[in-house]
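Asks: Residue numbering for the sequence shown follows my numbering, beginning at 1 and increasing consecutively.
None of these hints come from the bench; they were simulated from the model.
Note that the Cβ used here is the ideal one computed from N, Cα and C, for glycine as well.
Please note that the accuracy of each hint is not assured.
Stated by the list, open to error - What follows is a set of in silico ranges between Cβ atoms, one per label pair, in the way DEER data are often shown:
no., residue 1, residue 2, range
1, Ile119, Ser147, 24 to 32 angstroms
2, Gly41, Gln191, 32 to 40 angstroms
3, Gly190, Pro152, 22 to 30 angstroms
4, Val293, Gly190, 43 to 51 angstroms
5, Glu211, Val364, 46 to 54 angstroms
6, Gly190, Leu271, 41 to 49 angstroms
7, Asp130, Asp239, 28 to 36 angstroms
8, Glu211, Asp249, 37 to 45 angstroms
9, Asp89, Gln191, 45 to 53 angstroms
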Amino acid sequence: MSMQFRCERDVLSDALNVAGRGVAARGGTAVIGGVRLELAGDQLTATGSDGDLTISVTVTVNGSGDGVTVMRSKLMADVVRSLRPGAVDVMIEDQDARIVANPSEFSIRVIATDDFPEIPEPAGDVVTLDASVFKAAIEQVGKAASSDDARPILTGVLMAAESGGLRLVSTDSYRLAVCDIEGLSVLGEGQKVLVPSRALKELARIVGEEEEITLSLGEHNASFSVGSVTITTRLIEGDFPNYNRLIPDIHENRLTIDREKLLDALRRVRLLAQESTPIRMSMSAEGLEVAAVTQEVGEAHEALEAEYQGESLMVAFNPEYLIDGIEVSPGSEVMLETLGELKPALLKSSEDPNFLYLLMPVRVS
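Let the sequences and hints guide you as you build the complete structure.
Replies: Dropping the structure here:
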């Protein structure tokens, strides 16, 4: 086999970096740590895959001799990134790839293509999503998904048809995030799928200035295309927890506060919330006090103006989970609704009813 192409260093480097994010970081066989390069005319497609997640990016090059090869992903990306700006020539002959950019020349052994994971073809109907709206929804629910592969169901984001729109839900069993996109018909009535959060986070990362995402939903896979990049992921099988029963219908206490001021205060106080210490939120008619006390280290307190309805109450939260929820809450004000010091608390936006973040308090002595 003989194939060669020429393109700008930065174009090739960007393509390798994007495709490389689909390559398994967890060892495995050499080919799974590889990036597949396919040349067809002047179109070069770089693909990285770990069998569950596949990321392909297509760029225009000056090509000669169609073909397919697999290179060591990280090595190839590092080599191209190290070259001087300008044109790069890549020539593949049998088992070797030559990478030339004056004054540098590299020769790298290629990997057999036979064991590269099969790239699933997009299946099902294609629908178009507003890129900025869908990206915002991913960011609002993404952090609440678990990263623990021991419970694969919780590493997914539930996408469900709900009251004339699309609902995204995630939980790691300590917190729950819900975001509704009104008027978006992606699924049939009552239909739901479980998409790995890793795939959605990669999608949010590459959206950039693009205006549209196209989604193709098959029985076992989902494909998202944005610009020159396609992300295909295997859907998670199994039943997502019945999250609706976790959301209380009524809350007796409600705190309303400026989002940025609360975030700033929490980030300061968090410096003294060491060794898994929670942040305490004391709410009363006078406003809010946030505090952290770490034995033998020190303590921090900060008072904030806030509107509060209800009985005076102190509730403690994991600082990371609390800050995560406030960071992704839309609008300039947040509302914290509570039933008691150990009952689930709801974080909402006072301006956007389509976002909800449920958080379990922490017991403090």
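Asks: Each of the hints needs a verdict: does it hold here or not?
Replies: These are the hints, each one checked on the structure:
For Ile119 and Ser147, the Cβ-Cβ distance of about 25 angstroms falls inside the hinted range of 24 to 32 angstroms, so the restraint holds. Range check, Gly41 to Gln191: about 39 angstroms between beta-carbon atoms, so the 32 to 40 angstroms window is met. At about 23 angstroms, the CB distance of Gly190 to Pro152 agrees with the hint of 22 to 30 angstroms. At roughly 49 angstroms, the beta carbons of Val293 and Gly190 sit within the given window of 43 to 51 angstroms.
About 47 angstroms separates the C-beta atoms of Glu211 and Val364, a value consistent with the hinted range of 46 to 54 angstroms. Taken as a hint, the range 41 to 49 angstroms holds for the pair Gly190 and Leu271, whose Cβ atoms sit roughly 47 angstroms apart. Checked against the hint of 28 to 36 angstroms, the C-beta distance between Asp130 and Asp239 comes to roughly 30 angstroms, which is consistent with it. Between Glu211 and Asp249 the C-beta distance comes to about 39 angstroms, which sits within the given range of 37 to 45 angstroms.
At roughly 49 angstroms, the beta-carbon separation of Asp89 and Gln191 lies within the given 45 to 53 angstroms, and the hint holds.
Hint check: no violations occur; every hint is consistent with the structure.
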